[in-house]
Amino acid sequence: MNATWSRFNITSIVLGFAFLYLPIVLLVVFSFNESKLVTVWGGFSTKWYVSLFHNQGLMDAAWVTVRVGVISATVATVLGTLAALTLTRYTRFRGRMLFSGMVFAPLVMPEVITGLSLLLLFVAIGMDRGLMTVTLAHITLTMCFVAVVVQSRLVTFDRSLEEAAMDLGAPPVKTFFQITLPVIMPAIVSGWMLAFTLSLDDLVIASFTSGPGATTLPMKIYSQVRLGVTPEINAACTILIAIVAVGVIAASVVNKRREVQRQLDEQAAQRG
Amino acid sequence: MKSLGSIRRDFAPWNDPNAKPYIQFENVTKRFGDFTAVNNLSLTIFEREFFALLGASGCGKSTLLRMLAGFEEPTAGRILLDGQDLRGIPPYRRPVNMMFQSYALFPHMTVENNIAFGLKQDGMARPDIERRVGEMLKLVKLEQFAKRKPHQLSGGQRQRVALARSVAKRPKVLLLDEPLGALDKKLREETQFELMDLQQELGLTFVVVTHDQEEAMTMADRIAIMDKGEVMQVATPAEVYEAPGSRFVAGFVGNVNMFEGKVARGAAGAASIDAGNGITIRTENAGDAAAGATVAFAIRPEKIKVSSKKPADAVNAIEGEVYDIAYLGDMTVYHIKLDDGHVVRASAMNAARVTEDPLTWNDRAWVSFRPDAGVVLTR
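For the record, the sequence lines run as chains A and B.
Here the first sequence is numbered in the UniProt record's numbering, starting from 1 and rising by one per residue.
Here the second sequence is numbered in the UniProt record's numbering, starting from 1 and rising by one per residue.
Hint data in this document are derived by calculation from the structure and do not stem from the laboratory.
There's no promise every hint is true.
Under the rule of at most 30 Å between Cα atoms (straight-line distance), these lysine-lysine pairs were calculated in the DSBU-like manner [claimed, not checked]:
hint, chain 1, residue 1, chain 2, residue 2
1, A, Lys174, B, Lys147
2, B, Lys138, B, Lys185
3, A, Lys36, B, Lys310
4, B, Lys138, A, Lys256
5, A, Lys174, B, Lys185
6, A, Lys47, A, Lys36
Stretch-level coverage of chain B by chain A, calculated; a stretch enters the list once three of its residues show a Cβ under 8 Å from a Cβ in chain A [said to hold, decoys possible]:
hint, stretch
7, 113-127
8, 150-161
Everything numeric in this text was worked out from a predicted model, so none of it was measured.
By construction, the Cβ of each residue, glycine as well, lies at the ideal position given by its N, Cα and C atoms.
Please put together the full structure from these sequences, using the hints given.
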């Protein structure tokens, strides 16, 4: 392989990364802008961050988003895990193909359709739109993602672990909580995080199913932008980016460390 | 006193008509859909016996073990353990434990917690658990690895943890599914003897499933040879090797030369077999083969002598040509092509460093054997 940096390679990398990150960098930079005009640099300042925390509307929306995210991700994780267990374990029941297709259909379903159909449902059964309906809608949206993540782990799960536990005297329920669940826990946790992130940044479905008093952060930002972008919004977005980035980096560092430690352990074990 | 094979067996409850059977398979059949894994099989295993189920993959031996453990229920027939019918008893209430082929160690638990798992399920008191775990670790020589996780152990160490975990509850029967399959050859041989010692020490009944005939021969008191869901023969290793019950068993265990031919009876067990092309074999082990029946005469390579001249006193001697020679150090294997095209395998122990009458490729040679060296197989 040729490892030298040709002019072509450098240009491609610069262009590629610029394409991906220039908008985000601009947003972050302008969140520290002194001027009220979003596109004119007026000097460094953190005043928009201060005013952000005094903007009751944005703070309320953030709180709504966190509550919706935590509740919907948790419920979706439980349901998605159960669906994944059923689909990998009971391979011979009638209608399995249909069932598995139906669990995964929302993955490719356009969000507008999911949102609209949920709205129609809530109206039909006379459910007042609010925190409850957004949460339910997000559970519908994210459950299938959790199911996919957990199922891919379960496919490689060694069933003889469960048999060994039962052989040693653990009844099925105990086996599930003492053996199966701890072993697949990393997949469940990443399923939860995926579900939480999806709920956090969903705008379309939330717009359809939310009601008064349950405005989520993406909805709030979107509605404010229509009135003109303020540096406050830039600050809010920068904080969101920071949270997501820290989360992703922390997760990958922990994973990498664990992997390295594991390899070292295995080498040590082979030696002696 | 004469005995089949080179070992005298004092432990032989299977020859005692009053011995109480410990594990009984009675006409057990197991079907998976259209596939019959175990077909109307009956088998008796005695207490403290080291019993091996030997067969190629797919012969139903693992299914048999899994039915004993309770992971599968027989489609028909019943399984008794110490007189108790096991039907309907789930695996977690059976007094048997299993050592899995993959070891199935719990990856999120330390070695000592793996071993303690079964004891905790029984609600044993904490100090008792600690003492028992300590004993088990000592038994498998892993005391200093108690706090390690399974992935921090080598293959051999994992195998010993799995073993310790499965005997920790002192089960009535220990089931071992290919217990040494994942170990390399040298470690496997060491571990075979360790397993035998362990079985003696604990006084347990062992049922081991293996496809490795050497492993079964080394460890087991008796071997059941299985094919297509049926038991072909149940016997001691020496009987299986020296007195196989059928062509299949003779061919499955060890190397064998077979001559097909018609029987002409002689006096009391003796017979001569006309194998065609002027080859007539005289044997003392014709059993109950009927005169005129087509049978196989089976003889093991090490019971055939190869020489450059016809031995003067030989009852059976056939001439041929040296076709191939393999020098293996402890022994030499000859392939002799008889004049009718039949290739005979013969092996000679290299008991001396220097050979008096060495042979080479394409030499004329004689194969000879005693009348009691082979057996006649009717099936």
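Verification of the supplied hints:
no., hint, result
1, A/Lys174 <-> B/Lys147, "holds, 23 Å"
2, B/Lys138 <-> B/Lys185, "holds, 24 Å"
3, A/Lys36 <-> B/Lys310, "violated, 114 Å"
4, B/Lys138 <-> A/Lys256, "violated, 36 Å"
5, A/Lys174 <-> B/Lys185, "violated, 38 Å"
6, A/Lys47 <-> A/Lys36, "holds, 10 Å"
7, 113-127, "holds (count 4)"
8, 150-161, "holds (count 5)"
Checked against the numbered hints above, the structure violates hints 3, 4, 5; every other hint is satisfied.
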